[in-house]
Structure formats: structure tokens, C-alpha cells
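**Q** Fit the two chains together into the complex; they arrive one by one in their own frames, and the hints show the way.
First to last, the protein sequences are chains C and A. Position 1 of the first sequence, counting from 1, maps to 1 under the UniProt record's numbering, and the rest follow consecutively. Position 138 of the second sequence, counting from 1, maps to 138 under the UniProt record's numbering, and the rest follow consecutively.
Because the hints were derived from the structure by calculation, they are not lab data. Here the structure is a predicted model, which is why all the values come from computation and not from measurement. Hints may be right or wrong, so weigh each one.
[Stated by the list, open to error] With a straight-line Cα cutoff of 25 Å, these simulated DSS-like cross-link-like pairs (lysine-lysine) come out:
(1) LYS67/C - LYS252/C
(2) LYS44/C - LYS20/C
(3) LYS78/A - LYS175/C
(4) LYS78/A - LYS127/C
(5) LYS175/C - LYS28/C
(6) LYS219/C - LYS259/C
[Said to hold, decoys possible] Listed next, the stretches of chain A that the computed footprint assigns to chain C, with coverage defined by at least 3 CB atoms under 8 Å from CB atoms of chain C:
(7) 70–76
(8) 149–156
Idealized CB from N, CA, C, for every residue including glycine.
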Amino acid sequence: MFPELNNLLNTTPDQVEQGKLTLLCDAKTDGSFLVHHFLSFYLKANCKVCFVALIQSFSHYNIVGQKLGVSLTTARECGQLVFLEGLKSAVDVFFRPQEEPHPLQFLREANSGNLQPLYEFVQEALKPMDSGEAAWRCPVLLVDDLSVLLSLGVGAVAVLDFVHYCRATVCREWKGNVVALVHDSGDAEDEENDILLNGLGHQSHLILRAEGLATGFCKDVHGQLRILWRRSSQPTAQRDRSLTYQYKIQDKNVSFFAKGMSPAVL
Amino acid sequence: MLESLLALGGLVLLRDSVEWEGRSLLKALIKKSALCGEQVHILGCEVSEEEFREGFDSNINSRLVYHDLFRDPLNWSKTGEALPGGPLEALRALCRRTDPGPVTIALDSLSWLLLHLPCTTLCQTLHTLSRQDSCHGDSSPGEQVHVLGLLHEELHGPGPLGALSSLAQTEVTLSGALGQASAHILYRRPQQRPSHQTQWFSILPDFSLELQRGPPLESQPYPDPHTPSMDPTTHLTFNLRLSKKEREAKDSLTLPFQFSSEKQQALLCPGLGQPTSHIFYEPDAYDDLDQEDPDDDLDV
Numbered sequence: 001m002f003p004e005l006n007n008l009l010n011t012t013p014d015q016v017e018q019g020k021l022t023l024l025c026d027a028k029t030d031g032s033f034l035v036h037h038f039l040s041f042y043l044k045a046n047c048k049v050c051f052v053a054l055i056q057s058f059s060h061y062n063i064v065g066q067k068l069g070v071s072l073t074t075a076r077e078c079g080q081l082v083f084l085e086g087l088k089s090a091v092d093v094f095f096r097p098q099e100e101p102h103p104l105q106f107l108r109e110a111n112s113g114n115l116q117p118l119y120e121f122v123q124e125a126l127k128p129m130d131s132g133e134a135a136w137r138c139p140v141l142l143v144d145d146l147s148v149l150l151s152l153g154v155g156a157v158a159v160l161d162f163v164h165y166c167r168a169t170v171c172r173e174w175k176g177n178v179v180a181l182v183h184d185s186g187d188a189e190d191e192e193n194d195i196l197l198n199g200l201g202h203q204s205h206l207i208l209r210a211e212g213l214a215t216g217f218c219k220d221v222h223g224q225l226r227i228l229w230r231r232s233s234q235p236t237a238q239r240d241r242s243l244t245y246q247y248k249i250q251d252k253n254v255s256f257f258a259k260g261m262s263p264a265v266l
Numbered sequence: 001m002l003e004s005l006l007a008l009g010g011l012v013l014l015r016d017s018v019e020w021e022g023r024s025l026l027k028a029l030i031k032k033s034a035l036c037g038e039q040v041h042i043l044g045c046e047v048s049e050e051e052f053r054e055g056f057d058s059n060i061n062s063r064l065v066y067h068d069l070f071r072d073p074l075n076w077s078k079t080g081e082a083l084p085g086g087p088l089e090a091l092r093a094l095c096r097r098t099d100p101g102p103v104t105i106a107l108d109s110l111s112w113l114l115l116h117l118p119c120t121t122l123c124q125t126l127h128t129l130s131r132q133d134s135c136h137g138d139s140s141p142g143e144q145v146h147v148l149g150l151l152h153e154e155l156h157g158p159g160p161l162g163a164l165s166s167l168a169q170t171e172v173t174l175s176g177a178l179g180q181a182s183a184h185i186l187y188r189r190p191q192q193r194p195s196h197q198t199q200w201f202s203i204l205p206d207f208s209l210e211l212q213r214g215p216p217l218e219s220q221p222y223p224d225p226h227t228p229s230m231d232p233t234t235h236l237t238f239n240l241r242l243s244k245k246e247r248e249a250k251d252s253l254t255l256p257f258q259f260s261s262e263k264q265q266a267l268l269c270p271g272l273g274q275p276t277s278h279i280f281y282e283p284d285a286y287d288d289l290d291q292e293d294p295d296d297d298l299d300v
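Only chain A is shown next, with the shape it has when bound in the complex (with noise of 0.2 Å):
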């Protein structure tokens, strides 16, 4: 199920595209985690901190700990505002950040920082980060990392996306049919066959997460509310259906061309009832009546 996404663990990769857009269902997913009691650590690099917060209220707000990346991500400005050590070293600092509890890291997005890191060096680093519990020896089950990534699937080639698809432990592809969103989500859980499931859902303005049941009921690709749907049997000028009477006589009737015994019999012998036909000719002056049969000289 897709509130469930983050009760796995491990790396979850939401894959958008341009017409379907992940970041909401990002934010969503981060809401949750927050209204949870987690702290979500997000590693911005597209969208500035001002237009990230938009839409979440102070309450969550202030379990979000914004790591900006988007206004200076290469050190142009020189002002010594950006980040020190650019972008990989701005996500290996959340792997050494140390501080207690559950934790929801959120990277917006990985399409970013595949286009701005060696493929490898992402990989082994996303690794570290979403293997997190092993590291401390004696951090209970529950106080897991979660990982979430958002990937722009036409923006990477198989490989990298191959490479990002096998860390994952969840991946979610957005997709959606008439102005409704839905996702497919694929678990990986261990030693155990990826299991998939296909959510239809939409995002209210609060950022909630509200599932639909199924796939948007009109079907046609222009409906038109004013034509109400007609029933096309009524009106007709024939008759549909039969009444048992007419059903009767229907299949009492003998059709013309049906040979049947007593069609024989009144053919063979012309009853006393029949009136017989009889023709009259009169022979005009060129007409010749030879009574034999012309075929009797046939050698036949």
C-alpha cells in the first residue's frame, strides 16, 4: 500500500516524469513521516527552501531540516553561502549526521545529483546512507533510515537507472490516466519475490495523501455532461421482443421451401378440394404439333 512506502526502509525511489510529477507525492510521503515524530533531513537541490515549505504548516516545518543546494550548488557567487564541498559532500554529511531516533532523509532529487556525480560514487554513497543501522551497534529495529529519492526517469540512461533500481527497496512509478495520478509500486523485501501493486491517488492541497479505489470512472475522452445517455430501444418502429402468442405461431409455421411429409402428399396426389388448372391454346397458321417425341432418334 502506498501509505506503508516508508514502513520498509531502506531507499525508496519515486520516478516521475514531466507530465506526472513526483514532488508532490515527495512532500506527501515527508508530511507523513513528520506528523510520525520522525526528523526529515532534505537535500534540496531543485527547488529553493521558500517553495519547498510551501503548503506544510509550522508544525511540520520544524522537523524539516533543509539542506539548500539550489542557490548555489557549484560556488558561482563565491559568497560563501553555498555548502562547503559541493554536492557530495553535502550527502556524506548526512551520512555522519549522528543524531538519535528515526530519521526520513529526502533527496529532491537524485536526477540531480546522478547528472552532478560519478554514477559509482552516488551508488556507494546512497548505500551508506540507507544502511545506516547496521552501522550502530545498538540502535534498536525500529529507528530505521528511510531514504527517499526522487528520480526523473527520462533524464538517465538504463544503466544508471538500473544500477539506482537495484538499491532500492521500493520503487514507485508515477504514471496516471484522464487528470488522476497513480503509482506503481514495486517491493523488494528480502529473500522473498518483488511483489507490485498499483495505487490510484491524488494529493490534496494540505499535502495528504488520499487513495482512490480505481482508475477515473469516465471512460470516453471528451465527456459531454449535458447528453444524458439514452436508452437506444426505445422509440423503435419495430417490435423487439415476442409475446408468447406470437412465439407460438411463430414456431408453428411452416416455412415455404421446408419439404415436409405432408407437403409430399400434396404434391403426389392433387386432392379432391384442389380445383385443377386446365390451359387452353388455340394453334395459330405456323405452328407445327408433331406428336413425337423429338428425342426418340437419341442413342441415349
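Next comes chain C alone, as it looks inside the complex (with noise of 0.2 Å):
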């Protein structure tokens, strides 16, 4: 996790937000650093995490998670952490037996079917342990990203309603927290990906939007990032804050300045 980000969002990993959707969202630059801060995050937190990892194998996640600090194997050893590799697995779904669920259930099927049985597959990993005691802090649930489920042939009305039921399980019964990454097409017409960005965007409650800068690239100066926070429980305390830093990452951290405060620049 990157401490910057943390002051920025005003959260530690001793005192975390419940209940609590958040979109991250990139424009023309990679914000899979965002992913990279959330899992790591959430898992120096004690929270139980499932982690729907459709775009990158599980060993990259883990070289990445190891500069910030954690260990993705160790936290999956240990139950911490559900992974479900999509790479993988989603050679899987053509040599099982029809019979049998799986989670990437979609792929298999001619029409844009729905994604109930990733649903299933999120419900089953993140259901609180019977044995009473608590053993983590509350559940999480990661997906890294759902474009790319856009891209695989589901509709975006099948996403909104496999994010809907995420929310009313884990966020809503289960008082624990959703994490999605959806790209922003940008200037490429793309309806479908419009209507899952401005959905989730009405649904969140923090959306974190990573942009390149218009004037193009720079060495010192990756990207911008606009937090916006939304749907606070007082209609008028906090109406929708908004705040915009920009960023530069590094090897192992993301430094966050003022708009034209690089230190490159003064």
C-alpha cells in the first residue's frame, strides 16, 4: 500500500471503512497501481479477500505485492486470500463436465449469459466462518478489472447486476467492502463500457480516476489522480468532495503532489 495514498483518502489499515463500494476507474494511463495499493492494503488490514483476478497471472500480483510488502502466498496459504486466477482457470471451464459450476461460467455459453455463478463463487468465498469467532476483519472483494468482461462478450447490464448483488452481499449483509477497475474508453465510442463506468459511478461511494495528463507523457510526472467521495451519509456535511493530485511512481511507492508541485519542477 502506498502511505501518500492513504493521508490522501484519510484511512489506515487500523481503521477501515466498511460497507464501502469503490470504483477505480483510468483514463489513457495504466491505473492497475491502484489494484496493487487496495490488495496490499486490505490485506495488511486483516481483512478477508477475494480476489478476482482476470487480467495478470497470480505470480505477478505477487512480485508487486511483495515490494509493497505483503505476501500473496502466504495470505493464501493461510485462507486470507481467495484468489481466482482467470488466466488460468478459464482453460478449466472447456475440460470440466458441463454439470459442474464455474465461476467463468459465462465463457462457455453462445449468448451473453449472466455472471450468477461468479457471484456464487465470490458468495462462497467470503461468507463469515460459522465457528463465531471472527477471525478477520470483514470481507473484501477484488476485481481486477471488469472491462475486460465487457470485452469477453457479457453485457453490461449483466455486470451492473453481478456488481449489484456483490453489493447486497458483501457490502450491504456482510458489512465488507468492493474494489472494481473499469477503463474509461475515453474518445472511442464505446456504449457499453459508458453505461458500466456511469452505473458503477451512481453506485460508489469513493471513485478514484487515474488520468494521463492531457499535454501527454513526462518523465516526472506519471499521471493525475481525482478522488471524488460520494453518497456520505449526511446529504450536505461533505457534499461530494473532490480533490485532484498528481503522481509519479517509483519502484516500491507512489509519491502524490499539488497540481504543478512536482518536485522535478520547483
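**A** Dropping the structure here:
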């Protein structure tokens, strides 16, 4: 996790807000550093994490996680992390008998089905243990990312329904959190992606939007992060606060600074 | 006016966006209806019942009937807790209610219904819902059905938006500036031209509506409270204003290149008082003082 981002979001691993949906989106840049941040943050906060990783392999996230101070292997072994490696298990779908439900069942279906098997996988992974003692702080679902589901043939409404059910179960019933990454196509006319992005935006409590600089690439400033807080319980106490910072990604850290205040420029 | 939105009856569309959310306004209007003694039915698709009821006191909460489509709208859990028949049946059940008295129906949200039901079916059902007062033959004009629909503008194309817009008696589009929300209201009264109004407002923590008179006063994007506005005309090194004497002296001054009659006379005849000037010249050896005019031989 990046300590500077924790400061901006006003959270620490000891005080985790519960019952929230966080939307990560990126436009003209790569926002995966946010996924790595939240993965290591929630593991350090002693939460049970279900990570639906559709983009990269387990070893990729593990290597980055080790730079940030968490070991995914250890977390998986002790049961804190349930990892769905999309790249590997997508192949399993075709070699299993069809009666057994698989989370990525939609890959087999000719028409764009629904994501109910994936939801049931998440439900099974995160449901509270019946033993009574709370081993972990709260359940967290992390998805990297939802846009690839659209590319795989799932409709935007089906993805929204999946997130709806995850919200109803993980956020509302079990007081956990959901974090999902969606890419913003920007100028490209992708209606399905826009419906997904805006639909999730309306449901989110926190939106982190990583954007490339409008003026192009830069060695010292890799992009701009816009933070939007929504749906606070009091309607006008903090009317949808919004902050913008620029950032630079380093090997083990991301540094944030106010716009125009990069150390390289001053 | 924003307060009299419910007076017209029929369908009121609240169009919001990610940046300017409309659920607080919806809750404020619901509170108003409940305080007027109406019963309020809410078809909740996007938030849970606890979250929706948050912020209302028990007096208002007792008048709200929440039809929960949030927990299991598509019957995935198969526990039997879901509303039977799904969203369409839940909506039609609202049409068939037979409670007497004025009632307000809130749809949170129409966007969710529009994404899950065909547009034509939804429009027909909405039409039935908002025209219910004509179905009951013995109802007095006061017993109208008010339908409030929350619609997220960015999620739909112009076709469905236009269809819903034509069904609505009133459309409220939410936007704002500098942290202050505004509502652009379009009224469609029967047999009259549609009228527009923009109202700035804010919603208090107990969901009462507070109307503001105008846009926020600070027009600078980064207002700095520490620098008071200074009068730039103080502490100048030059004079910006003229006294009366100075003004007279200025007006009576003749400018050096202005050709007035006095100047003409002065040039033509040098006065007695004017000292004439003499030029003393000592020719040196190379000078050729020829008195003839060198231009005499020109044939001009």
C-alpha cells in the first residue's frame, strides 16, 4: 500500500471503513497501481480478500505485492486470500464436465449469459465462518478488472447486476467492501463501457480516477488522480468532495503532490 | 417552484448525474409528501431499505412502504425472499393498489428499471401508474397519484430519455456549481406552453429542502480568505483626479502645435519686444560665395 495515498484518502489499515463500494477507473493511463495498493492495504488490514484477477497471473501480483510488503502466497495458504486466477481457470472451463458450475461459466455460453456463477463463487469465498469467532476483520472483494468482462461478451447490464448482488451481499449484509477497476475508453465510442462506468459511478461511495496528463507523457509526472467522495450519509455535510493530485510511480512507492508542484519542476 | 413540484400530479422525472446526485432531493420530496399526510410507496432497486430510511424520523418512516427490489431482484438466491415476478410484476402491483387517499409513488430508480425492462413496457406501465386518478370514477380531483422517478441521465440514449420525458408532467434536471446544487425545472401544464425555471437549493441533514436565492457568491475558482480586496487607487505616485483650478488651467492651455490666430500673428510680424537674432559668419578659404540663385537656369 502507498502511505501517501492512505493519507489522501484519510484511512489507515487500522481504521477501515466498511460497507463501501470503491470504483477505480483509468483513462489514457494504467491504473493498476491502485489495484496493487488496495490489495496490499486490505491484506495488511487483516481483512479476508477475494481477488477476482482476470488480467494478470498470480505471480505478477505476488511480485508487486512483495515490493509493497505483503506475501500473497502466505495469505493464500492461511486462508486470508481467495484468488481466482482468470487466465488459468478460463482454460479449465472447457475441460470440465458441464454440470459442474464454474465461476467463468459465461465463457461457454453462446449468448451473453449472466454472472451468477461468478457471484456464487464470491459468496462462497467470503461468507462468514460459522465457527463464531471473527478471524478476519471484514470481507473484501477486489476485481481486476470489469472492462475485460465486456470484451469477453458479457453485457454491461449483466456486469452491473453482478456488482449489484456483490454490493447487496458483501457490502450490505456482511459489512464488507468491494473495489473494482473499470477502464474508461475516453474518446472511443464504447457505449457498453460508458454504461458500466456511469452505472457503477452512481453506486460508488468513492471514485478514484487516474488520468494521463492532457499535455502528453512526462518523465516526472506520470498522471493525475482525481478523488471523488460520494453518497456520504449526511447529504450536505461534505457535499461530494473532490480532490485532484498528480503522481509519480516509483519502484516501491507512488508519490503524490499538488498539481504543478512536482519536485522535479520546483 | 421546487416546493410545488408535487402539486401538478402525474410523473415527475428527477434527472441526475454522477457528479450531482438526485437521491437526496428524492428523499426531500418524499419527506414533504409524508408530512402532508400522504402514504408513500417506494420501489427500491438501488439502495437497501435501511440506507433509504436513514435520516428520516420515525414519524415519516411509518408512512413509507418500501418494496425491496435491492436484495434479490433477479431471484438468484432462490430463497423465496425476492418479490414474486421480478421488477415488472412489482411495478404492476403498485398500479393495482387499492388504498384510498392521495399517494406518492417513488421509483428508485427508473434507470434500473429501464436497464432491465423493455422501454415500451416500462412506459406503458408508467402511463397506467400516473393516470390512475381517471380509473377510479368516484375519486375527487384532490386524490391524485404523484409518481417520482429518479433517472440517471448518462446511462441511457436519447430514445428512452425522450420517451420518458414525453410521459412526464415535470422534469427536474440537477446540476450545480461550486458545491451548490441547482435544479432546472420544466413544467408541462396541459394546454399551456412549457415553462422553465432554475432554482438553487440545498438539502439539510434532515432532508428538508432549503431554497437559495442565487448561485454561490464566490465567483473566483480559488477564493483566498486571507487577502482582503484592496482598492488599487490608494497609494499611487501620480494624481488620478484634478481639482477645479487644475482643470481650468488645463482647459486654457494652448497646445504647442495648435495653430491659432494669435500664433499666426506672432509668426507673421515679430513684435517690437521680440529680440531678433543675428547670425555671424566668417567665410573660410574654401567658401564660394556666389550671390546668384543656382535655380535660375531651371526651366520650371
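**Q** Would the hint linking LYS78/A and LYS175/C be met if the CA-CA limit is 25 Å?
**A** Holds, at about 22 Å.
**Q** Do three or more residues of the segment 149–156 of chain A come closer than 8 Å to chain C, measuring C-beta to C-beta?
**A** holds (count 3)
**Q** Within a Cα-Cα threshold of 25 Å, do LYS175/C and LYS28/C meet the stated pairing?
**A** violated (33 Å)
**Q** Has the given pair, LYS44/C with LYS20/C, been kept, meaning a C-alpha gap of at most 25 Å?
**A** Status holds; Cα separation ~18 Å.
**Q** Is the Cα-Cα distance between LYS78/A and LYS127/C 25 Å or less?
**A** OK: LYS78/A and LYS127/C at ~17 Å, within 25 Å.
**Q** Has the given pair, LYS219/C with LYS259/C, been kept, meaning a C-alpha gap of at most 25 Å?
**A** Holds, because 15 Å separates the two Cα atoms, which is no more than 25 Å.
**Q** Quick check: do three or more residues in the segment 70–76 of chain A have a beta carbon closer than 8 Å to a beta carbon of chain C?
**A** holds (count 6)
**Q** Hinted pair, alpha-carbon criterion (25 Å max): LYS67/C, LYS252/C. Please report holds or violated.
**A** Holds. LYS67/C to LYS252/C sits at ~6 Å (cutoff 25 Å).
Hint compliance for this structure: hint 5 is the single one not met.
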